[in-house]
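Participant: Chain by chain, the residues:
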Amino acid sequence: MNQLTNFMSMSGYGHFIWPAFGISAILLAGILIHSQRFLRHTEKELHTQNSHETKLEVAEDINIVEDINNETKK
Amino acid sequence: MHRFANPTRFLRLSNMLQPWAMAMTVICLGVGLYFAIFVSPPDYQQSETVRIMYVHVPAAWMAMFCYTVMVFSSAAALIWRHLVAQIVAKATAPIGATFTFLALATGSLWGKPMWGTWWVWDARLTSVLILFFLYLGFMILYDAFDDISRGAKAASILAVVGGINVPIIKFSVDWWNTLHQPASVVKLDGPAIHSSMLAPLLLMAIGYTAFYIWTLSIRVKAEINSSKIRAIRMRQNTNQSPV
Chain Y
1 MNQLTNFMSM
11 SGYGHFIWPA
21 FGISAILLAG
31 ILIHSQRFLR
41 HTEKELHTQN
51 SHETKLEVAE
61 DINIVEDINN
71 ETKK
Chain S
1 MHRFANPTRF
11 LRLSNMLQPW
21 AMAMTVICLG
31 VGLYFAIFVS
41 PPDYQQSETV
51 RIMYVHVPAA
61 WMAMFCYTVM
71 VFSSAAALIW
81 RHLVAQIVAK
91 ATAPIGATFT
101 FLALATGSLW
111 GKPMWGTWWV
121 WDARLTSVLI
131 LFFLYLGFMI
141 LYDAFDDISR
151 GAKAASILAV
161 VGGINVPIIK
171 FSVDWWNTLH
181 QPASVVKLDG
191 PAIHSSMLAP
201 LLLMAIGYTA
211 FYIWTLSIRV
221 KAEINSSKIR
231 AIRMRQNTNQ
241 SPV
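Protein chains in written order, with the working numbering: chain Y, 1 to 74; chain S, 1 to 243.
It should be emphasised that the hints constitute simulated quantities derived from the structure, not laboratory data.
As the structure is a computational prediction, the values presented were derived from the model and not from experiment.
A couple of the hints might just be wrong.
Claimed, not checked - Keeping only pairs whose Cα atoms sit at most 27 angstroms apart, straight-line, the calculated DSS-like set for lysine-lysine is:
hint : chain 1 : residue 1 : chain 2 : residue 2
1    : Y       : Lys44     : S       : Lys170
2    : S       : Lys187    : S       : Lys170
3    : S       : Lys170    : Y       : Lys55
What the hints assert, rightly or not - Taking beta-carbon pairs under 10 angstroms as the criterion, some of the chain S residues facing chain Y (in silico):
hint : residue
4    : Thr49
5    : Ala59
6    : Thr106
7    : Leu109
8    : Trp110
9    : Lys221
10   : Ile224
11   : Lys228
12   : Ile232
Unchecked claim - Derived Cβ-Cβ restraints for the label pairs, each shown as a range:
hint : chain 1 : residue 1 : chain 2 : residue 2 : range
13   : Y       : Ser11     : S       : Ile140    : 39 to 49 angstroms
14   : Y       : Phe7      : S       : Gln181    : 37 to 47 angstroms
15   : S       : Tyr34     : Y       : Ala29     : 11 to 21 angstroms
16   : Y       : Ile23     : S       : Gln45     : 20 to 30 angstroms
17   : S       : Thr238    : Y       : Lys73     : 27 to 37 angstroms
18   : Y       : Thr5      : S       : Val186    : 36 to 46 angstroms
19   : S       : Lys228    : Y       : Thr5      : 52 to 62 angstroms
20   : S       : Ile79     : Y       : Ile23     : 32 to 42 angstroms
21   : S       : Leu136    : Y       : Ile26     : 55 to 65 angstroms
22   : Y       : Thr54     : S       : Ser227    : 19 to 29 angstroms
23   : S       : Asp143    : Y       : Phe7      : 42 to 52 angstroms
Every residue gets a Cβ at the ideal spot worked out from N, C-alpha and C, and that includes glycine.
Please model the complete structure; the sequences and the hints are all you need to start from.
Facilitator: What follows is the structure, encoded as structure tokens:
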């Protein structure tokens, strides 16, 4: 226990050294997590956009087919 | 370089690099931290506080490296309208800003016990603070216009003009009187630092660089997706608007 306290105190400079390591770990992890979330968000958005586009295209195709059917009926 | 102007080709390269960068980050930071905290000796003048160097110096190097990447990619974006270069600059900015903030914060935590003050308005510290503001300015300008290409152009010009700050930071410790110590690793006559400290420092620096490449590849992918989303939206808007 005493050894651990000695180690953590870093000759009395522990309260400068550990925050320096801590803030580095927190901010680097933070920017990494933010980047991953950003990527997930755009992937999801792109997926819904794409399926919406496909639906539009299908709808357009159906319209064209209906137009042709109507024309042939005439 | 023009080979990578194509986003698909660039994505393939970045997908290939990503697992390597991730592995390098974990290994180098793991081993580097172990040596930095447990193995490397205390300094004869600065005692244990020298351990702050292992997170401060790599962050400061990366702050300047990321900005240099931004200067060159912004210049490429302005000159050749290089889409990937534009995206690399945009994706680098928040990562570089994080490194710069870390350099300032850890430097402050090192300054208090060694210089007796958290902050001084001397050349090195002030020029790094300006670097931080340049990063913030770049990000704010980029998103400040409805027309994204105008924002990108304005931000790119700011990045290129602000490039003058990088050599100023590097040589500030030689040109002006400052509390900050002069360069001890990147010197013409070789590093003035013992290998027991140099080895963990270089490991941490490699780890930070790999971390940048890892995070950059994630952000570049996200930015390419964003531009695709914008393109789809624009197409939908033009389709929907009455002719």
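Participant: Are the hints correct? Go through all of them and say.
Facilitator: For each hint, the structure was consulted:
For a cut-off of 27 angstroms, the pair hint linking Lys44(Y) to Lys170(S) is broken: about 43 angstroms separates their Cα positions. Restraint check: the Cα-Cα separation between Lys187(S) and Lys170(S) comes to about 11 angstroms, which is no more than 27 angstroms; the hinted pair holds. The suggested pairing of Lys170(S) with Lys55(Y) is violated, with an alpha-carbon distance near 56 angstroms, which exceeds 27 angstroms. With a least beta-carbon distance of about 5 angstroms to chain Y, the hint placing Thr49(S) at the interface is held under the 10 angstroms criterion.
Because the smallest distance between the Cβ of Ala59(S) and any Cβ of chain Y comes to about 7 angstroms, under 10 angstroms, the interface hint for this residue holds. Nearest Cβ of chain Y to the Cβ of Thr106(S): about 4 angstroms, under the 10 angstroms cut. The hint holds. About 4 angstroms separates the beta-carbon of Leu109(S) from the nearest beta-carbon of chain Y, less than 10 angstroms, and the hint is met. The beta carbon of Trp110(S) is positioned within 10 angstroms of a beta carbon in chain Y (closest approach about 7 angstroms), and the interface hint is therefore held.
Taken as an interface hint, Lys221(S) checks out: its beta carbon lies about 6 angstroms from the nearest beta carbon of chain Y, inside 10 angstroms. Evaluation of the Ile224(S) hint against chain Y yields a held restraint, the C-beta minimum of about 8 angstroms falling below 10 angstroms. For Lys228(S), the interface hint holds, since its Cβ comes within 10 angstroms of a Cβ in chain Y; the closest pair sits about 6 angstroms apart. The beta carbon of Ile232(S) comes within 5 angstroms of a beta carbon in chain Y, closer than 10 angstroms, and the hint placing it at the interface holds.
For the pair Ser11(Y) and Ile140(S), the supplied restraint of 39 to 49 angstroms holds, since their beta-carbon distance comes to about 43 angstroms. Under the hint 37 to 47 angstroms, the C-beta atoms of Phe7(Y) and Gln181(S), about 27 angstroms apart, miss the expected range. Distance hint check for Tyr34(S) and Ala29(Y): the Cβ-Cβ separation is about 18 angstroms, which falls inside the suggested range of 11 to 21 angstroms. Distance hint check: the CB atoms of Ile23(Y) and Gln45(S) are about 24 angstroms apart, consistent with the given range 20 to 30 angstroms.
For the hinted restraint 27 to 37 angstroms between Thr238(S) and Lys73(Y), the CB-CB distance of approximately 33 angstroms keeps it satisfied. Judged by the Cβ atoms, the range 36 to 46 angstroms given for Thr5(Y) and Val186(S) holds: they are separated by roughly 38 angstroms. For Lys228(S) and Thr5(Y), the Cβ-Cβ distance of about 55 angstroms falls inside the hinted range of 52 to 62 angstroms, so the restraint holds. Between Ile79(S) and Ile23(Y) the beta carbons are some 38 angstroms apart, a value that agrees with the proposed interval 32 to 42 angstroms.
Separated by about 20 angstroms at the C-beta atoms, Leu136(S) and Ile26(Y) break the suggested range of 55 to 65 angstroms. A hinted range of 19 to 29 angstroms holds for the C-beta pair Thr54(Y) and Ser227(S), which are about 20 angstroms apart. For the pair Asp143(S) and Phe7(Y), the supplied restraint of 42 to 52 angstroms holds, since their beta-carbon distance comes to about 46 angstroms.
The structure is inconsistent with the numbered hints 1, 3, 14, 21, although it conforms to all the rest.
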